[in-house]
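Student: Sequence:
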Amino acid sequence: MMLQVKFACLLFTFVRAIDEQYTEPCINDNEEALITSMRQTMLALNEQMQVLETNLKKKSTNGIRPVYCPSGWKHYSGHCYYFNGDNMSWTSAKTVCNNKGGHLVKIDDSSESLWIIEVMKGSGLKSTWIGANDISREDSWAWESDRSKLTFTNWNKNQPDNGYGAEDCAHIYMYIAQDISVKGFKYRN
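Counting with mature numbering (1 follows the signal peptide of the UniProt record, and there is no 0), you get residues -17 to -1, 1 to 172 for the letters of the sequence shown.
Hint data in this document are derived by calculation from the structure and do not stem from the laboratory.
Keep in mind it's a predicted model, so treat the numbers as computed, not measured.
Don't be surprised by glycine CBs; every beta carbon is placed ideally from N, CA and C.
One or more of the hints may lead you astray.
DSSO-like cross-link-like pairs, simulated, lysine-lysine; straight-line CA separation at most 30 Å [to be verified]: (1) Lys104 / Lys83; (2) Lys132 / Lys109; (3) Lys109 / Lys89; (4) Lys57 / Lys83.
Label-pair restraints from in silico Cβ distances [said to hold, decoys possible]: (5) Asn139 / Leu28: 19 to 29 Å; (6) Lys57 / Ile118: 47 to 57 Å; (7) Trp56 / Ile118: 18 to 28 Å; (8) Ser164 / Asn81: 13 to 23 Å; (9) Gly148 / Leu39: 32 to 42 Å; (10) Ser164 / Phe135: 15 to 25 Å; (11) Gly107 / Cys52: 13 to 23 Å; (12) Lys57 / Thr19: 40 to 50 Å.
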């Protein structure tokens, strides 16, 4: 008998709840407005996300990938640059770059050259090694990274001059390119 009473009470409560659902609104007008506002915000965010995804897909199909440089490196035009103020020879600088997974800089155009010079000035550097050299063949200047010929140079007047017959590497000194000996020269910034 006790079980039947519980069942009857439960059934009554269930039927009453269904009946009230159709006669009394579950949410008030303020809650309804909030839900409507949240739905609109969600739709707007969804549209913005689709625009961002489309832009990202366009960039990835154009061969442009986002570049994240390690701490202490500087980013420019899809590449990471590491400026080192330590005194070292061209060969040592090349080794440091290789050990960091890079190479001495290959300067492709005047914009990149100007950016490098601005960073040097901002960092107090007066000189830095670059990847251009004619070690393989005298007067045939190429970039160390890929052996391509130089298409852009910012040589100082009368440079490169192969002074003393042994200047096979390039550096930027006082913000302009010059050739200099690979051996023995160490910067004093």
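Student: Which constraints among the numbered hints does this structure fail? Numbers only, ascending.
Tutor: 5, 6, 9
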